[in-house]
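*Asks:* Below are the chains, spelled out letter by letter.
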Amino acid sequence: MYKRAFKKVILLSVVALLSFTLPIKKHSSVWMIGDSTMCQYDSSRFPLTGWGMKFEEYFDSSVTIENKARGGRSTRTFISENRWQPIVNNLSKGDYVFIQFGHNDEAKNYPDRYTSPEDYRKNLIKFVSESREKDAIPVLITPVSRRKFDANGNALETHEVYSKIVHEVADKYKVPLIDLDKMSRALFQKFGPENSKLLFMQLQPGENPNYPVGDNDNTHFTTYGARHIAELVLNGIENLHLELADRIVKNKS
Amino acid sequence: MLFAFGERNKITIYLIGDSTMADKEVKAYPETGWGMPFHYFFDSSVTVDNRAKNGRSTRTFIEEGRWQPVVENLKEGDYVLIQFGHNDEVPTKKSYTTPDEFKKNLIKFVTESRSKKSIPILITPVARRKFDAEGKIEETHAVYQQLVKDVAKQLNVPLIDLDKESQELVQQFGPDASQYLYNHLEPGENPHYPEGRADNTHFSELGARKMAQIVLHDIQKLNLGLAQHIRVVHQKEKK
Numbered sequence: 001m002y003k004r005a006f007k008k009v010i011l012l013s014v015v016a017l018l019s020f021t022l023p024i025k026k027h028s029s030v031w032m033i034g035d036s037t038m039c040q041y042d043s044s045r046f047p048l049t050g051w052g053m054k055f056e057e058y059f060d061s062s063v064t065i066e067n068k069a070r071g072g073r074s075t076r077t078f079i080s081e082n083r084w085q086p087i088v089n090n091l092s093k094g095d096y097v098f099i100q101f102g103h104n105d106e107a108k109n110y111p112d113r114y115t116s117p118e119d120y121r122k123n124l125i126k127f128v129s130e131s132r133e134k135d136a137i138p139v140l141i142t143p144v145s146r147r148k149f150d151a152n153g154n155a156l157e158t159h160e161v162y163s164k165i166v167h168e169v170a171d172k173y174k175v176p177l178i179d180l181d182k183m184s185r186a187l188f189q190k191f192g193p194e195n196s197k198l199l200f201m202q203l204q205p206g207e208n209p210n211y212p213v214g215d216n217d218n219t220h221f222t223t224y225g226a227r228h229i230a231e232l233v234l235n236g237i238e239n240l241h242l243e244l245a246d247r248i249v250k251n252k253s
Numbered sequence: 254m255l256f257a258f259g260e261r262n263k264i265t266i267y268l269i270g271d272s273t274m275a276d277k278e279v280k281a282y283p284e285t286g287w288g289m290p291f292h293y294f295f296d297s298s299v300t301v302d303n304r305a306k307n308g309r310s311t312r313t314f315i316e317e318g319r320w321q322p323v324v325e326n327l328k329e330g331d332y333v334l335i336q337f338g339h340n341d342e343v344p345t346k347k348s349y350t351t352p353d354e355f356k357k358n359l360i361k362f363v364t365e366s367r368s369k370k371s372i373p374i375l376i377t378p379v380a381r382r383k384f385d386a387e388g389k390i391e392e393t394h395a396v397y398q399q400l401v402k403d404v405a406k407q408l409n410v411p412l413i414d415l416d417k418e419s420q421e422l423v424q425q426f427g428p429d430a431s432q433y434l435y436n437h438l439e440p441g442e443n444p445h446y447p448e449g450r451a452d453n454t455h456f457s458e459l460g461a462r463k464m465a466q467i468v469l470h471d472i473q474k475l476n477l478g479l480a481q482h483i484r485v486v487h488q489k490e491k492k
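As given, the protein sequences belong to chains A and B, one line each in that order. Under the numbering used here, read the first sequence as residues 1 to 253, first letter to last. Under the numbering used here, read the second sequence as residues 254 to 492, first letter to last.
Check the hints yourself; a few may be wrong.
Within a straight-line C-alpha distance of at most 30 Å, the following computed DSSO-like cross-link-like pairs (lysine-lysine) qualify [unchecked claim]: (1) A:Lys108 with B:Lys489; (2) B:Lys306 with A:Lys252; (3) B:Lys347 with A:Lys252; (4) A:Lys252 with B:Lys277; (5) A:Lys252 with B:Lys280; (6) A:Lys182 with B:Lys280; (7) B:Lys280 with A:Lys26; (8) B:Lys280 with A:Lys197; (9) B:Lys417 with B:Lys346; (10) A:Lys250 with B:Lys346; (11) A:Lys252 with B:Lys383; (12) B:Lys346 with A:Lys252; (13) A:Lys250 with B:Lys277; (14) A:Lys252 with A:Lys26; (15) B:Lys389 with A:Lys197; (16) B:Lys277 with A:Lys25; (17) A:Lys148 with B:Lys489; (18) B:Lys280 with A:Lys93; (19) A:Lys250 with B:Lys306; (20) B:Lys389 with A:Lys190.
Derived DEER-like restraints, expressed as beta-carbon distance ranges [stated by the list, open to error]: (21) A:Lys250 with B:Leu477: 42 to 48 Å; (22) B:Asp353 with A:Asn251: 37 to 43 Å; (23) A:Asp60 with B:Pro344: 36 to 42 Å; (24) B:Ala395 with A:Val161: 56 to 62 Å; (25) A:Asp60 with B:Asn476: 46 to 52 Å.
These are computed hints drawn from the structure, not numbers from a lab. If you're wondering where the values come from, they're calculated on a predicted model, not measured in any experiment. Even glycine gets a Cβ: it sits at the ideal position worked out from N, Cα and C.
Make the full structure from the sequences, and use the hints.
*Replies:* Shown next as structure tokens:
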């Protein structure tokens with residue numbers, strides 16, 4: 001009897017000691033909200049890859065990535081289709097919300113997606129403030145660039161108006177910002193007009209059985225491109241010194 | 254009974270080989286074996302079972318008991334894709350296999366596959382990225398790729414000359430852009446490789462997909478029954 005109690009005391013002391021010496025990482029979810037450049041794809045559409053699919057490969061087991069991005073969605077339709085509210089309901093303290101929209105908000109030729117600049121701003125503010133109400137950490141991301149070069153081989157700005165709005169909301173509400181638009185444009189510039197095609201869904205007819213007539217897409221990424229974009233976002237997390245950076249898996253070389 | 258009926262029409266493609274073909278652990282990404290994207294191109298009647306392993310030669314693959322379980326599982330109509338050489342051909346590696354042994358082991362894979370009424374396919378070892386001063390790609394598997402061809406001829410085995418075809422692809426990319434096909438990373442670019450990487454043997458996602466596409470096209474050209482199980486997609490032309 002006495003012996004058993006003694007054992008218990010020892011065990012408890014060990015647990016108490018461990019809890020001081022080993023900082024036990026608290027579990028966090030990273031909720032990703034956005035569009036087709038970020039979302040999951042079925043393997044039947046391979047090599048089409050959203051950058052969220054590669055992003056999730058770089059975190060330790062204390063992080064769960066919840067990629068809720070959907071193709072074709074703007075901030076407006078993401079909310080109106082009731083995709084945002086269930087996330088708010090599930091947010092826990094210390095969770096992250098990564099917000100990347102713009103491609104469909106700015107598309108005037110798709111009235112069913114289009115969101116005016118004022119509404120876009122309002123929706124971003126909604127994502128930010130409702131995340132914070134649940135003690136979650138919102139991170140704003142400017143929309144990843146499209147591949148567009150001028151005749152002199154300069155990578156061109158493709159989200160001028162909507163990227164600026166993301167910046168303004170981040171400034172005003174002191175939200176951590178990853179300027180993915182700018183970073184991705186610099187990446188495309190580094191690859192150059194020709195080699196940057198390797199990052200995008202540019203496939204020759206007959207090259208890939210999933211795309212028998214080929215593809216010529218300057219918006220959506222191959223697995224290779226999606227990984228490069230994910231790398232930029234991971235670098236952005238490091239540069240912001242978010243606590244999340246400590247949970248990125250870094251191998252020793 | 255129903256279950257057995259369904260199973261009869263199922264085809265398994267076994268991949269046996271080395272790191273250039275193998276599935277990778279997530280922490281090694283973006284290094285990618287060509288067997289990884291190879292999964293994505295077949296209809297639901299086909300299962301790709303990638304048994305390739307980093308660092309293995311024909312000899313160590315057999316010695317470690319990796320071949321016998323494949324043989325035991327093989328059934329009529331299955332395929333065995335065989336690609337070795339990188340670790341057989343290096344005398345300084347523990348995995349070194351003499352040319353004679355290499356041939357003997359390939360013959361073993363072929364005959365034992367056939368004894369189970371499966372269809373072996375021999376694949377020459379995929380190219381390394383190595384250019385001469387004039388920017389011409391160099392043959393890096395001269396001896397061992399020839400042995401694969403010799404065995405294929407001797408036993409009348411379908412052959413995919415991946416060494417030659419991947420060299421052509423790497424040449425087409427050229428000395429500079431061909432780095433994109435392999436696991437080349439700048440310092441600080443990727444958390445899994447903090448100090449960067451300049452690997453001219455193992456592939457990026459891009460290189461792995463391109464190599465898988467070569468193998469797939471050759472399966473079509475060889476007129477194997479397997480070609481009928483490559484997924485047919487009806488894709489709309491984009492405007």
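*Asks:* Taking the hints in turn, state whether each one holds.
*Replies:* Hints, one by one, checked against the model:
no.: 1; hint: A:Lys108 with B:Lys489; result: holds, 24 Å
no.: 2; hint: B:Lys306 with A:Lys252; result: holds, 22 Å
no.: 3; hint: B:Lys347 with A:Lys252; result: holds, 25 Å
no.: 4; hint: A:Lys252 with B:Lys277; result: holds, 17 Å
no.: 5; hint: A:Lys252 with B:Lys280; result: holds, 11 Å
no.: 6; hint: A:Lys182 with B:Lys280; result: holds, 28 Å
no.: 7; hint: B:Lys280 with A:Lys26; result: holds, 21 Å
no.: 8; hint: B:Lys280 with A:Lys197; result: holds, 27 Å
no.: 9; hint: B:Lys417 with B:Lys346; result: holds, 24 Å
no.: 10; hint: A:Lys250 with B:Lys346; result: holds, 28 Å
no.: 11; hint: A:Lys252 with B:Lys383; result: holds, 27 Å
no.: 12; hint: B:Lys346 with A:Lys252; result: holds, 24 Å
no.: 13; hint: A:Lys250 with B:Lys277; result: holds, 16 Å
no.: 14; hint: A:Lys252 with A:Lys26; result: holds, 23 Å
no.: 15; hint: B:Lys389 with A:Lys197; result: holds, 24 Å
no.: 16; hint: B:Lys277 with A:Lys25; result: holds, 27 Å
no.: 17; hint: A:Lys148 with B:Lys489; result: holds, 24 Å
no.: 18; hint: B:Lys280 with A:Lys93; result: holds, 28 Å
no.: 19; hint: A:Lys250 with B:Lys306; result: holds, 23 Å
no.: 20; hint: B:Lys389 with A:Lys190; result: holds, 24 Å
no.: 21; hint: A:Lys250 with B:Leu477: 42 to 48 Å; result: holds, 44 Å
no.: 22; hint: B:Asp353 with A:Asn251: 37 to 43 Å; result: holds, 39 Å
no.: 23; hint: A:Asp60 with B:Pro344: 36 to 42 Å; result: holds, 40 Å
no.: 24; hint: B:Ala395 with A:Val161: 56 to 62 Å; result: holds, 58 Å
no.: 25; hint: A:Asp60 with B:Asn476: 46 to 52 Å; result: holds, 48 Å
Checked against the numbered hints given earlier, this structure breaks none of them.
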